[in-house]
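Colleague: Fit chain B to the known structure of chain A by using the hints.
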Amino acid sequence: MSVESDVIEIIRGKSSEGLEIIDRGTQLSELGIESLDMVELIFELEDKFGIEIPYNANSSEMEFQTVGDVVDAIAKLVAEQG
Amino acid sequence: MHRVVITGAGVICPIGASMVEMDAALRAGRSGIKDVATLNLVDNDRVNQKIIAPVTGFVPEDHFDAREIGMMETVSQYAVFAAREAIGRAGLDFNEELADETAVIVGTGIGGQSTQEEGYRRVYLENKRPHPFTVPRMMPNAPASQISMAFGLKGPSYAISSACASATHAVGNAFQMVRSGVVRAAVTGGVEACLQAGALRAWEALRVMASDACRPFSLGRKGMVLGDGAGIFVLERYEDAAARGAHILCEIAGNGMSADAGDLTAPEVEGMSKAIRRAIADAGLNPEDIDHINAHGTGTLANDRTEAAAILDVLGDRGRKVPVSATKSMHGHALGGAGAIELAALINAMNGNYVPPTINFVEPDPDCPIDCVPNEARDCRIDAALSNSFAFGGLNGVLALRRV
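Chains as they are written, first to last, in my numbering: chain A, 13 to 94; chain B, 6 to 409.
Extracted from the complex, chain A is given alone in its bound form:
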């Protein structure tokens, strides 16, 4: 579960809303994470896990609604990397 807790901590750092409980079901919109925050969040996650996230703000291929969406995508990329 370390990926999940690490991702949540990074997401918490980007949030402007100060929610006490952030879990897989939390909507990113509830956290006040807007487009530029998303770009910075991706950047930090890539640095943290040493991965490349194929995220493009113009594409709907990788759309994150909830914290769980982000955790799953990161876990998958980390696993792929071996």
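I should point out that these hints are in silico values taken from the structure, not numbers from a laboratory.
Here are the simulated lysine-lysine pairs, PhoX-like style, with alpha carbons at most 25 Å apart: (1) B/Lys39 <-> B/Lys227; (2) A/Lys26 <-> B/Lys133; (3) B/Lys55 <-> B/Lys227; (4) A/Lys88 <-> A/Lys60; (5) B/Lys55 <-> B/Lys39; (6) B/Lys133 <-> A/Lys60; (7) A/Lys88 <-> A/Lys26; (8) A/Lys26 <-> A/Lys60; (9) B/Lys133 <-> A/Lys88.
Listed next, with one range per pair, are the computed distances between beta-carbon atoms: (10) A/Thr78 <-> B/Met154: 26 to 36 Å; (11) B/Met154 <-> A/Gly25: 20 to 30 Å; (12) A/Ile63 <-> B/Lys159: 35 to 45 Å; (13) B/Gln181 <-> A/Pro66: 43 to 53 Å; (14) A/Asp84 <-> B/Thr270: 56 to 66 Å; (15) B/Tyr125 <-> A/Pro66: 24 to 34 Å; (16) B/His7 <-> A/Gly80: 56 to 66 Å; (17) A/Asp35 <-> B/Asp105: 40 to 50 Å; (18) B/Ala29 <-> A/Pro66: 51 to 61 Å; (19) A/Asp35 <-> B/His7: 55 to 65 Å; (20) B/Asn358 <-> A/Gly25: 45 to 55 Å.
Chain B residues, not near chain A, derived (Cβ > 10 Å throughout): (21) Lys39; (22) Phe69; (23) Glu102; (24) Val128; (25) Ala202; (26) Val213; (27) Glu244; (28) Gly250; (29) Glu256; (30) Ala286; (31) Asp296; (32) Pro379; (33) Gly398.
Each residue gets a CB set at the ideal place from its N, CA and C atoms; glycine is no exception.
Modeller: Showing chain B alone in chain A's frame:
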């Protein structure tokens, strides 16, 4: 055509983080120039330049939350900080209608220098990626955009970049827009925050930097001292300001601009004179009405003798007696912000009935036969004054101010 007045002014510069602080420093002839070591630059040991004019004591966390700091680098922080003072003092209520008709025009020579240098450092030295906010933080229009967003101002908003004349061109342009009725009000000025290792070393390479002090118009002057800071002003129609009983700081009566179309860096008398004449004529004044000038006065051999010649060219023999202050001797040269910091100095002088000194003056230079108010401030009633800015690239800007 509308008469245009300044009803709010804000400043952050090496000699003060408010108009009141700056006023005290100007009267006392206090210098903000410091040892370069105070900057703690990443590359301090490789910078040869010994003195700079930094803004000191500015703690971003005291003025902005973490999210704002993430989006705004120093150049925008200074601009918004000064805008808060200016708009606060003006006491303007930006309701939806007025906000829609208020321009934001902010000059900067460079934009986000620290962001650019950090980005290059990561890419070229550390083999890393630039931070994703590199572009929105470094773009030269960031200060104008951040002011527009901070106060919800939705009129024409943009940056003007003409090196050391950026701020004066910006204020001049805002003045013309309010005067012509294109907008109802404007928030305008200039800002620079370029005291970074790369910028300092680039300026060193031009061989125009002083090693000891900034002593404009004095014999023995050795050049300019690079500085930081911002000045922001609220411009509105005279009739609006009068109707709401606003405290009017002064009137902007004229704007004069010209280009040398000559050398990229060497100044020319003709171009400077032309801008001064145009400002005076635009204001409906005569040269004999001018009773004070805040000079461009950088402290370089070339600028100061050329500027003195231009002043004599336009004002004639009276040019030898009119007090001309080179306040860069105290606050350094903030490039695209310089004209705004000097406009703040001029507003302080007009409202306080004094002319600030040109400090570090040693002895008169026969090539600069003007009264540069050496070393000590002087009581002086100012009814009409000029603020000069002459940029690399041969771009000149002069504002004519009048007491209301």
